[in-house]
Amino acid sequence: MRLTRQQIAARVADDIPDGAYVNLGIGVPTLVADYLPDDRQIVLHTENGMLGMGHAAAPDEIDDDLINAGKIYVTEELGAAYFHHADSFAMMRGGHIDYCVMGGYQVSVAGDLANWRTNSVTSIPGVGGAMDLAAGAKHVYVLMDLFTKAGECKLVQQCTYPLTGAECVERVYSDVGVFELADGEVRVLDLFDDELGIEGLAAIVGSPLVDARLAVS
Amino acid sequence: MINKEVEDHLEAVADIVDGSTILVGGFGPPGQPVELINALLENGARELVIVNNNAGAGGSAILKLFSAGRVRKVICSYPKAIDSTVFDELYLAGKIELELVPQGNLAERIRAAGAGIGGFYTRTGYGTELAEGKETRLIDGKHYVLEQPIHADFALIKALTADPWGNLVYRKTARNFGPVMATAANVTIAEVTNVVPLGGLDPEIIVTPSIYVDRFIRTRAAAERTAADERAQA
Numbered sequence: 001m002r003l004t005r006q007q008i009a010a011r012v013a014d015d016i017p018d019g020a021y022v023n024l025g026i027g028v029p030t031l032v033a034d035y036l037p038d039d040r041q042i043v044l045h046t047e048n049g050m051l052g053m054g055h056a057a058a059p060d061e062i063d064d065d066l067i068n069a070g071k072i073y074v075t076e077e078l079g080a081a082y083f084h085h086a087d088s089f090a091m092m093r094g095g096h097i098d099y100c101v102m103g104g105y106q107v108s109v110a111g112d113l114a115n116w117r118t119n120s121v122t123s124i125p126g127v128g129g130a131m132d133l134a135a136g137a138k139h140v141y142v143l144m145d146l147f148t149k150a151g152e153c154k155l156v157q158q159c160t161y162p163l164t165g166a167e168c169v170e171r172v173y174s175d176v177g178v179f180e181l182a183d184g185e186v187r188v189l190d191l192f193d194d195e196l197g198i199e200g201l202a203a204i205v206g207s208p209l210v211d212a213r214l215a216v217s
Numbered sequence: 001m002i003n004k005e006v007e008d009h010l011e012a013v014a015d016i017v018d019g020s021t022i023l024v025g026g027f028g029p030p031g032q033p034v035e036l037i038n039a040l041l042e043n044g045a046r047e048l049v050i051v052n053n054n055a056g057a058g059g060s061a062i063l064k065l066f067s068a069g070r071v072r073k074v075i076c077s078y079p080k081a082i083d084s085t086v087f088d089e090l091y092l093a094g095k096i097e098l099e100l101v102p103q104g105n106l107a108e109r110i111r112a113a114g115a116g117i118g119g120f121y122t123r124t125g126y127g128t129e130l131a132e133g134k135e136t137r138l139i140d141g142k143h144y145v146l147e148q149p150i151h152a153d154f155a156l157i158k159a160l161t162a163d164p165w166g167n168l169v170y171r172k173t174a175r176n177f178g179p180v181m182a183t184a185a186n187v188t189i190a191e192v193t194n195v196v197p198l199g200g201l202d203p204e205i206i207v208t209p210s211i212y213v214d215r216f217i218r219t220r221a222a223a224e225r226t227a228a229d230e231r232a233q234a
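Residue numbers (our numbering), protein chains in the order written: chain W, 1 to 217; chain E, 1 to 234.
Rather than coming from a laboratory, the hints here were simulated on the basis of the structure.
Be careful, since some hints might not be right.
[Claimed, not checked] Straight-line C-alpha distance at most 30 Å; calculated DSSO-like pairs for lysine-lysine:
#: 1; chain 1: E; residue 1: 95; chain 2: E; residue 2: 142
#: 2; chain 1: E; residue 1: 95; chain 2: E; residue 2: 134
#: 3; chain 1: E; residue 1: 80; chain 2: E; residue 2: 95
#: 4; chain 1: W; residue 1: 149; chain 2: E; residue 2: 95
#: 5; chain 1: W; residue 1: 138; chain 2: E; residue 2: 134
#: 6; chain 1: E; residue 1: 73; chain 2: E; residue 2: 95
#: 7; chain 1: E; residue 1: 134; chain 2: E; residue 2: 80
#: 8; chain 1: E; residue 1: 80; chain 2: W; residue 2: 138
#: 9; chain 1: E; residue 1: 64; chain 2: W; residue 2: 149
#: 10; chain 1: W; residue 1: 149; chain 2: W; residue 2: 71
#: 11; chain 1: W; residue 1: 71; chain 2: E; residue 2: 95
#: 12; chain 1: W; residue 1: 149; chain 2: E; residue 2: 4
#: 13; chain 1: E; residue 1: 64; chain 2: E; residue 2: 95
#: 14; chain 1: E; residue 1: 4; chain 2: E; residue 2: 80
#: 15; chain 1: W; residue 1: 138; chain 2: W; residue 2: 71
#: 16; chain 1: E; residue 1: 95; chain 2: W; residue 2: 138
#: 17; chain 1: E; residue 1: 64; chain 2: E; residue 2: 80
#: 18; chain 1: E; residue 1: 142; chain 2: W; residue 2: 71
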């Protein structure tokens, strides 16, 4: 069985400890916020200049001056703080953000991340804060479907799309499984697609996978 | 007596000439100096270099500068707009130059300019195409890329409240680039919603000290509100 995006987001949320400062990327990673356990205080950072970001604003909660990095109206938690952009990125680049969760086009077995542009010549390149997070967050997690719509595996030997950062990804949370990239190894922390199996997946990735499921259970 | 308020919006941007490099505040619509941008449109300066996080995606006011063909080059981190193709068309037609900068480098390069820093090494972008051709250095076992400051002729920013000296405070995520950009331009022009008398801002909470601000305008809505208050008091 493969996980839905909501289920993957919930799996990521489950692994974020109490007291962590976390940046969630635009798009699917934003879903993680919906599954953060109520019994943990987790402080969300949005790179346009806020710690203590709350949920998306309901129509009657919209404040014109309060948006997140995805330009969605959001709310403010108790304990929130605002700061300017250079301070906000100092938090990211200076290693103060504990976890960041981003989407990915490709992740290599060495932990290289490609998630900011494809090779299309007609697309408009935009990088935003992805390279800063990749370089500066203490733990870089990537949340993505493991295969493209065309069926190509996104966990690859070498990224063919332009890099966002080199050797920066620590974990990949996907519909197929959870993988830890460390010391040149791909460790399987969780596997949801039993039909595919570790051997089957290793053949697709083209790299040995270390079964680390016992180690975490 | 220092009073940096300029009543006429056009007068506030009168010294912006063709070819100027302009830092424009805002991340998405919050913090965008809409009335200053409109005045700049009216001013007519061309061949501008615009530094703004979102370029064409930064809201309808800044988009008008692009669609009016006033911008020669844009320095930004994320020009893709969901709701507009103006920038895309100019870019794909080769009518506008784009310097794409990681967002943290954009903020820090502006900050460096304001702080008199001639460049800095950052880990951001190392090993990517945005660092190609740039000097790198190995520091404590980690790779860094040399980045240069971004100086500008003008900064146009939006704040919530000013006093006559130009001390500024901001509101929520509308603060974004304002305080950093204010430091990095030869001339910084602010657009504010409220003006209070000298002493009306608690010195402990001032975000942009007045030394960085050359002049400011009051938004028209705010000016009308003040006039109505004065009439009510009379």
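How the hints compare with the structure:
no.	hint	verdict
1	E/95 / E/142	violated, 39 Å
2	E/95 / E/134	holds, 26 Å
3	E/80 / E/95	holds, 16 Å
4	W/149 / E/95	violated, 34 Å
5	W/138 / E/134	holds, 25 Å
6	E/73 / E/95	holds, 9 Å
7	E/134 / E/80	holds, 25 Å
8	E/80 / W/138	holds, 28 Å
9	E/64 / W/149	violated, 37 Å
10	W/149 / W/71	holds, 27 Å
11	W/71 / E/95	holds, 27 Å
12	W/149 / E/4	violated, 58 Å
13	E/64 / E/95	holds, 15 Å
14	E/4 / E/80	violated, 36 Å
15	W/138 / W/71	holds, 25 Å
16	E/95 / W/138	violated, 40 Å
17	E/64 / E/80	holds, 15 Å
18	E/142 / W/71	violated, 33 Å
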